[in-house]
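Heads up: the protein sequence lines correspond to chains S and U, in order.
Each number in the numbering used here corresponds to the 1-based position in the first sequence with 67 added.
Each number in the numbering used here corresponds to the 1-based position in the second sequence with 25 added.
Take the hints with a grain of salt, since some may be wrong.
Lysine-lysine pairs mimicking DSSO-like chemistry, simulated, CA-CA at most 30 Å apart [claimed, not checked]:
| # | chain 1 | residue 1 | chain 2 | residue 2 |
| --- | --- | --- | --- | --- |
| 1 | U | K47 | U | K128 |
| 2 | U | K128 | S | K344 |
| 3 | S | K570 | S | K170 |
| 4 | S | K170 | S | K447 |
| 5 | S | K183 | S | K170 |
| 6 | S | K447 | S | K183 |
| 7 | U | K47 | S | K344 |
| 8 | S | K183 | S | K451 |
| 9 | U | K47 | S | K170 |
| 10 | S | K451 | S | K170 |
| 11 | S | K301 | S | K373 |
| 12 | U | K128 | S | K170 |
Bear in mind the hints are in silico, worked out from the structure with no lab data behind them.
Since we're looking at a predicted model, the values are computed, not measured.
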Amino acid sequence: MDGNQILTSGLFLLVVLLTILVTLRASRQTSGADDYYAGGRGFSGLQNGLAIGGDYMSAASFLGITGAIALYGYDGFLYSVGFLVAWLVALLLVAEVLRNSGKYTMADQLAFRMSKRPVRTAAATSTVVVSIFYLLAQMVGAGALVSLLLGIDSGLVKNLTIFVVGALMIFYVTVGGMKGTTYVQMIKAVLLMSGSALVVVLVLIQFNFNIADLLGSAADNSGAGQAFLEPGLKYGSSTTSKIDFISLGLALVLGTAGLPHILIRFYTTPTSQAARKSVLWAIGLIGTFYLFTLVLGFGAAALLSKSDYDVAGNLAAPKLAEEVGGGIGSTSGAVMLALIAAVAFATILAVVAGLTLTSSMSVAHDVWNPVFRNGEATEKEEMKVSRIAAGGIGLVAILLAIPAQSLNIAFLVALAFAVAASANLPAILMNLFWRRFNTRGAVWSIYGGLLSSVGLVFFSPVMSGSETALLSSVDFAWFPLQNPGIVSIPLGFLFGVIGTLTKPEPSAEERYTELEVRALTGAGAEGEFRH
Amino acid sequence: MSQPKQDQAARHDPIYDHLAAKDEFAQLRHLYRRFIIPATAVFMGWYALYVVMSMFASDFMNHVLFANINVALIFGLLQFVSTFGIAFLYSRYSTTHLDPLAKQLAREYDAELLDRAAVAAGNTTPGTTPVTEEN
Numbered sequence: 068m069d070g071n072q073i074l075t076s077g078l079f080l081l082v083v084l085l086t087i088l089v090t091l092r093a094s095r096q097t098s099g100a101d102d103y104y105a106g107g108r109g110f111s112g113l114q115n116g117l118a119i120g121g122d123y124m125s126a127a128s129f130l131g132i133t134g135a136i137a138l139y140g141y142d143g144f145l146y147s148v149g150f151l152v153a154w155l156v157a158l159l160l161v162a163e164v165l166r167n168s169g170k171y172t173m174a175d176q177l178a179f180r181m182s183k184r185p186v187r188t189a190a191a192t193s194t195v196v197v198s199i200f201y202l203l204a205q206m207v208g209a210g211a212l213v214s215l216l217l218g219i220d221s222g223l224v225k226n227l228t229i230f231v232v233g234a235l236m237i238f239y240v241t242v243g244g245m246k247g248t249t250y251v252q253m254i255k256a257v258l259l260m261s262g263s264a265l266v267v268v269l270v271l272i273q274f275n276f277n278i279a280d281l282l283g284s285a286a287d288n289s290g291a292g293q294a295f296l297e298p299g300l301k302y303g304s305s306t307t308s309k310i311d312f313i314s315l316g317l318a319l320v321l322g323t324a325g326l327p328h329i330l331i332r333f334y335t336t337p338t339s340q341a342a343r344k345s346v347l348w349a350i351g352l353i354g355t356f357y358l359f360t361l362v363l364g365f366g367a368a369a370l371l372s373k374s375d376y377d378v379a380g381n382l383a384a385p386k387l388a389e390e391v392g393g394g395i396g397s398t399s400g401a402v403m404l405a406l407i408a409a410v411a412f413a414t415i416l417a418v419v420a421g422l423t424l425t426s427s428m429s430v431a432h433d434v435w436n437p438v439f440r441n442g443e444a445t446e447k448e449e450m451k452v453s454r455i456a457a458g459g460i461g462l463v464a465i466l467l468a469i470p471a472q473s474l475n476i477a478f479l480v481a482l483a484f485a486v487a488a489s490a491n492l493p494a495i496l497m498n499l500f501w502r503r504f505n506t507r508g509a510v511w512s513i514y515g516g517l518l519s520s521v522g523l524v525f526f527s528p529v530m531s532g533s534e535t536a537l538l539s540s541v542d543f544a545w546f547p548l549q550n551p552g553i554v555s556i557p558l559g560f561l562f563g564v565i566g567t568l569t570k571p572e573p574s575a576e577e578r579y580t581e582l583e584v585r586a587l588t589g590a591g592a593e594g595e596f597r598h
Numbered sequence: 026m027s028q029p030k031q032d033q034a035a036r037h038d039p040i041y042d043h044l045a046a047k048d049e050f051a052q053l054r055h056l057y058r059r060f061i062i063p064a065t066a067v068f069m070g071w072y073a074l075y076v077v078m079s080m081f082a083s084d085f086m087n088h089v090l091f092a093n094i095n096v097a098l099i100f101g102l103l104q105f106v107s108t109f110g111i112a113f114l115y116s117r118y119s120t121t122h123l124d125p126l127a128k129q130l131a132r133e134y135d136a137e138l139l140d141r142a143a144v145a146a147g148n149t150t151p152g153t154t155p156v157t158e159e160n
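Turn these sequences into a full structure, and let the hints steer you where they fit.
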């Protein structure tokens with residue numbers, strides 16, 4: 068190992084130690100299920116806003132979008148916009164009403180007025196599917212990142228990293244529960260925002276804070292000229308690819324408010340007003356963050372040459388930090404590189420912890436207890452099962468991530484958003500805003516959205532029939548788009564409507580009054596947990 | 026005040042029917058929907074316009090306004106402005122129009138529960154809120 072590798076590894080270790088200490092401290096404050104699942108519902112708007120940011124701004128965003136802008140210019144920025152606008156769906160339609168009407172998981176607000184077993188099983192299924200796709204994206208990214216940063220391109224290093232990340236996330240979740248996970252996410256959000264702000268300032272200094280100069284240099288240095296600043300380099304090659312991007316944009320905007328690990332964060336605040344404040348903080352943070360990636364991406368395009376980083380662009384951000392920190396070979400450059408790499412590593416850890424927590428909790432609370440124990444298990448038993456499930460899901464994620472390393476990270480992220488937008492969001496919205504919506508509608512909507520989004524991808528050029536496909540030797544692709552959202556999201560709503568209308572359920576309609584009153588007023592909502 | 030019906034789900038509590046029947050609740054629902062429906066239509070339409078024009082209106086989007094700043098960049102940055110703006114407007118609107126109504130209704134809920142607890146404890150002065158039978 069040379070000095071830079073030791074420095075990078077040292078900072079990684081520091082991040083890991085810090086998060087472990089925080090998790091251990093949180094575990095001492097965790098006793099009941101409200102603590103374990105919902106952090107005692109005692110987090111303030113700012114704290115939860117930071118944690119939402121920490122949960123949401125993934126390594127795929129930080130490294131991926133910076134890299135996409137560095138490689139494709141404007142189209143990378145275009146991609147990032149959907150991730151921000153999406154938060155208005157969460158703010159206006161979901162966060163507060165969900166906080167008031169649910170308890171721990173996404174399924175709670177459906178089970179509130181419907182047959183519990185079928186809707187909980189359906190919601191848990193889509194929760195686990197979305198979380199696993201997203202987990203794989205993060206873990207594959209972690210493996211690639213660490214091996215690139217340490218400059219050791221070996222399968223062993225990648226697999227080892229996936230194993231360590233998996234072990235850490237199991238530790239955070241089983242030991243720290245929601246409190247520990249929340250603290251890890253808050254630390255990560257602060258590290259990520261300050262780390263990227265530092266690089267942004269250093270980039271802007273090089274251009275005397277003149278954005279037009281930065282853009283001009285990026286365009287000149289990119290080799291694409293003015294087209295680098297215009298839409299179309301990545302998504303504009305054909306009409307199909309253009310419609311494909313519109314489909315992706317739709318999934319991004321509607322998927323965010325259906326991501327299970329985001330939804331459960333709204334339960335950690337004492338009131339719906341605090342939940343609203345936390346989303347406002349999150350919008351501020353996330354918006355600022357994507358403006359940062361705009362500068363980072365064009366900065367990388369302007370100051371680095373493409374041979375400085377990998378073909379996927381994932382190293383553009385850390386390499387840019389090295390460049391503006393003083394350049395290759397300088398101590399300050401090496402420190403900046405190690406710093407940003409450690410920030411990216413913290414980013415991965417916080418996101419995988421949130422995903423593991425959500426899915427394990429859904430397995431225990433939505434499937435094991437209502438289906439296998441007839442809803443009679445004590446909270447203590449349920450928490451125990453949740454911890455076991457976290458270990459199981461972690462293990463599954465590790466085992467899947469190792470062969471999944473050939474998959475494109477951006478594709479896995481897009482798929483997670485498409486499933487969330489097609490399976491989860493229609494059911495959530497129809498439940499909160501449509502009196503007649505019922506058990507069959509919810510079950511059809513969730514399974515219908517899930518199967519159509521995953522099914523369309525299966526029959527898309529991603530799976531077969533093209534040179535870059537997973538199975539390039541066969542061709543069973545008939546769906547032309549890589550992103551299913553434009554078809555599967557309307558289908559999710561349609562299945563819900565048909566299911567609802569074909570089997571009216573008077574009790575679900577009557578219980579809607581209670582749901583609506585609770586959702587809008589907070590009367591009878593789960594309160595802050597006090598020891 | 027409606028009586029609980031036979032086919033209602035087991036947990037149904039008539040207290041929610043009382044609250045739902047109040048004018049304040051009708052007003053709260055009206056005010057909430059009056060903001061979120063147009064706001065959602067605006068930001069979804071505005072974002073859809075941005076994405077579709079980025080893909081299909083390159084002449085317009087590629088028009089350079091000054092230096093290296095083109096319409097596409099400004100349009101994208103305006104998405105940030107509109108997102109922050111709608112979030113700010115909703116925050117202000119809900120604080121002034123929605124929260125007072127919601128809090129009042131939640132207080133009435135708490136009062137009715139207290140009255141009911143008092144009745145259950147044998148207190149013969151149940152207060153002013155009418156209490157229906159336990160369900």
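### Task
Measure nothing beyond the straight line between the CA atoms of S/K447 and S/K183; if it is 30 Å or shorter, mark the hint as holding.
holds (21 Å)
### Message
Run the distance test for U/K128 versus S/K170: straight-line Cα separation, threshold 30 Å.
### Response
holds (20 Å)
### Task
Assess, step by step, whether the Cα of S/K301 is no farther than 30 Å from the Cα of S/K373, and give holds or violated.
Roughly 16 Å separates the two Cα atoms, so the pair holds.
### Query
Is S/K183 within 30 Å of S/K170, Cα to Cα?
holds (14 Å)
### Query
Taking only the CA atoms, is the gap from S/K183 to S/K451 under or equal to 30 Å?
Roughly 21 Å between the alpha carbons, so the hint for S/K183 and S/K451 holds.
### Given hint S/K344 paired with U/K47 - CA-CA distance at most 30 Å
Distance of about 28 Å is within 30 Å: holds.
### Query
Can the restraint linking S/K170 and S/K447 be considered satisfied, given a maximum Cα separation of 30 Å?
holds (16 Å)
### Message
So if I understand the rule, the pair passes when the alpha-carbon distance is 30 Å or less; does U/K47 with S/K170 pass?
### Response
holds (26 Å)
### Query
Taking only the CA atoms, is the gap from U/K128 to S/K344 under or equal to 30 Å?
holds (16 Å)
### Message
Between the alpha carbons of S/K451 and S/K170, is the straight-line distance 30 Å or under?
### Response
holds (18 Å)
### Task
Would you check the hint for U/K47 and U/K128, treating anything up to 30 Å between C-alpha atoms as holding?
Given pair U/K47, U/K128 holds - Cα atoms ~14 Å apart, limit 30 Å.
### Task
With a cut-off of 30 Å on the C-alpha distance, tell me whether S/K570 and S/K170 pass.
Roughly 27 Å separates the two Cα atoms, so the pair holds.
In summary, this structure violates none of the numbered hints.
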